[in-house]
Amino acid sequence: AQKVTQTQTSISVMEKTTVTMDCVYETQDSSYFLFWYKQTASGEIVFLIRQDSYKKENATVGHYSLNFQKPKSSIGLIITATQIEDSAVYFCAMREAGNTGNYKYVFGAGTRLKVIA
Amino acid sequence: NSKVIQTPRYLVKGQGQKAKMRCIPEKGHPVVFWYQQNKNNEFKFLINFQNQEVLQQIDMTEKRFSAECPSNSPCSLEIQSSEAGDSALYLCASRRLGGRDQDTQYFGPGTRLLVL
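Respectively, the protein sequence lines represent chains A and B. All residue numbers for the first sequence refer to this note's numbering, where the first residue is 1 and numbers rise by one. All residue numbers for the second sequence refer to this note's numbering, where the first residue is 118 and numbers rise by one.
Just chain A, same shape as in the assembly (with noise of 0.2 Å):
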């Protein structure tokens, strides 16, 4: 079965500074999809960025940007320039294999990040 881990419960850091956050997981998939999420205090699920398994860039997307090593099956989420509003707790996923239309996702069990002033 298809697992994404994230290990690290809470992290702070401080205003403008750079942050990863950690993300493995485990797939039979030749090819398989991971993507991040934030969610904010008030529930509010965002979708940051995602890379295609296939492709051998690190994805990136305005301050968001992936550290993917397949070897190790690890996507890990960088931020850059931190900044207050950043502070929510950020989720990793992957789509799992299945029929076209009939994808499911899994979710690791989230990172709650901190930026302080």
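If a hint is listed, it holds; no wrong ones were tucked in.
Heads up, simulated DSSO-like pairs for lysine-lysine below, C-alpha to C-alpha not over 30 Å straight-line: (1) K161(B) / K114(A); (2) K55(A) / K120(B); (3) K180(B) / K156(B); (4) K104(A) / K137(B).
Source of the hints: derived by calculation from the structure; they are not laboratory data.
Assemble the complex: chain A is given as a structure, and chain B must be docked to it using the hints.
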């Protein structure tokens, strides 16, 4: 970011009462998912649809929930007889079929259910 609409944002019910929540997926997204997120932030998949058809659902959903995604109407998820353990954040997500972005789910703001 997301254009998935969920109503109501908050729902308070007594045990044994019905609890109904609705979701309008993002335009052009025929695949809809419902998740239950508990206080430990764990996501539990409940059911998913492609257009009006149920693709998969877990046993609990089949027995205690009623869900549908009718054509030209919001999708809905209804707990037939609420229990205290149903208190959670119910999240609706949708995704497109086809195109570069087809594998990305977009979430609504959630319906927070409290069963007293």
